[in-house]
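**Q** Just so you know, the protein sequences line up as chains A and B, in that order. In terms of the numbering used here, the first sequence opens at residue 1 and continues consecutively. In terms of the numbering used here, the second sequence opens at residue 1001 and continues consecutively.
Computed beta-carbon distance windows for the label pairs:
1. B:PHE1033 - A:SER19: 42 to 50 Å
2. B:LYS1236 - A:ASN52: 28 to 36 Å
3. B:ARG1008 - A:ASN135: 33 to 41 Å
4. B:LEU1047 - A:ASN52: 57 to 65 Å
5. A:LYS4 - B:ILE1283: 39 to 47 Å
6. A:ASN135 - B:GLY1142: 51 to 59 Å
7. A:LYS4 - B:ILE1282: 41 to 49 Å
8. B:LEU1047 - A:LEU24: 47 to 55 Å
9. A:THR136 - B:LYS1291: 51 to 59 Å
10. B:VAL1273 - A:GLN98: 35 to 43 Å
11. B:LYS1236 - A:SER49: 30 to 38 Å
12. A:SER19 - B:PRO1211: 25 to 33 Å
13. A:LYS4 - B:ASN1101: 18 to 26 Å
Derived by calculation from the structure, the hints in this document are not laboratory data. Quick caveat: nothing in here was measured; it's all calculated off a predicted structure. A virtual CB, placed ideally from N, CA and C, is assigned to each residue, including glycine.
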Amino acid sequence: MMRKKATTWLYRLGFVLISIVVGLPLYYLVVTTFKTPEEAALSPLGLPSSLNFANYERALEAMNYGNALKNNLVITVSAVILLVVFASMAAYVISRSQSKLFKTMYNIFLVGLIIPFQIAIVPLYQIISGLNLMNTHTGVILVSVFCINLPLSIFLLRGFISTVPVELEEAAFLDGCGTFKTFWLVIFPLLKPIISTVVILNALAIWNDFLTPLLFLQSPDKAVLLQEVYKNVGPFSTNWTSFFPMLVLSVLPLVVFYIMMQKRVIEGVVAGSVKG
Amino acid sequence: MYGKKRERVFLLMILPAFVGFFILFIVPTLMSFFYSLTNWSVYNADLDFVGLANYKQLFSDTKTMASISNTVKYAVLITIFQNIVAILLAVFLNKKMKGANFTKSLVFLPAVLSILVTGFLFQYIMSSSDFGLFNRIIQFFGGQPINWLGDADLALYSVLITQVWQWSGWSMVIYIANLKSIDSALYEAADIDGAGSVRKFFTVTLPLLYPAVSFNILMSLIGGMKVFDVIFAMTKGGPGYATETIMTTMIREGFNSGRNAYASALAVVFFIVVFILSRIVIIFLNRWERKIS
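Excised from the complex, chain A in its bound form (with noise of 0.2 Å):
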């Protein structure tokens, strides 16, 4: 009993250690964002003498912030809608034909599961601007889609879509429905849950992405909240409580989509790991 309770102790212990190594740097980043420079070198660890949001609105007006987060909002939703689409479907044909042609084209698509896609930037950079596409949301979004991830939704889709018994779609054949109705009104509601894992590892993905945007997008008003990071790092280098909110504002959108939907995007990222 006695050793029962002293383990137990033992693991609480455990927990506030790694919750301290793991949340040191996330406070010590918040709570600076609240001080001055003073302030910050006096007492790096302290709590902020009053929460003083002055630092939080240079910040929001240095980085555009309303317009840097629209931009990485028209990107995100609308590669991740993209990718839904165009690696479902192919997923449905992949798992549901014998044709030769299909399975070839499947191990294509496995290509770029193997090869980072990195090997193809200098190359691509030529083609997105033969396409006239450079500098525009629309070249960021095909390569994130094409280039980028989807070989990954297609490879989990897939799996999960032979799963799916063929007996319901023969069903709706046989009641004259054709097969890419069939597609979207009988399988599609039904792949609800790799859905999901293929949205959130997606988003994340696209969200993050900050080498695709730093080379197709130069104009500042196209720019997403990384770039806006990024150009900010040289003017406010010795002024870093005024940098320190754009930090905390860039990654605020995922960090409360994580909190809210933290279940999700954990079964997400799990799902992502079984291999087919």
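Chain A is fixed; fit chain B onto it per the hints.
**A** Chain B only, in chain A's frame:
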């Protein structure tokens, strides 16, 4: 029972994905291979074949070679550390106890931050100026300050620490899901055999974690090979070229210096290194799998 029409509809359903993937992934990948054999650069109007000249140049360039060896070193080390930390956390936190769930959620949290932001944050935390948090803590306990990012022997490891901090939680939740699938009867049997907790870990837990281990190891290895954002934020490849990686070199040569053919050759080398390294790891994983089954 389905006619030819179904296959035609199928073709229309798969084509958008395939055409997009072909144009934006397959074509530029093949172009990288092609350009690596040419003299393409922004200073060159005519494109000529130069054979393996770019590769020769690449292998004799100490800076580029350093970036390749840094990348391999980084990828191998992050794979080892991230997975050891994640397995320990998973075993420790996979408890039905007050506080365990909160700790798990907190440990995962850094994974939703962008890598760039983590890099900037730790650049300040590891700063050698007087506001650097790590050195303040070390000095508070009476230690000597460490030049985390300015010391060429240390910088790569400092960057590595930030990424272990950020990504261990991601691997951990995958390990925890795997742990939950282990039949508790196996532990009871081990208890009857009088196995201690360390032995139970090595004879029961670790072999049954094989699916998560193999997935996580390959993911952190390939992720580690692509390392870019965190270097870009923290060290820009410095000091000297102590933290220069394949990706930072490729971006600099291909976009800032305009040496496109050279960058393409590096891309091909990158592909080969990733391929060889993951092959080696897969061989080891398969051998381990045969041993435990």
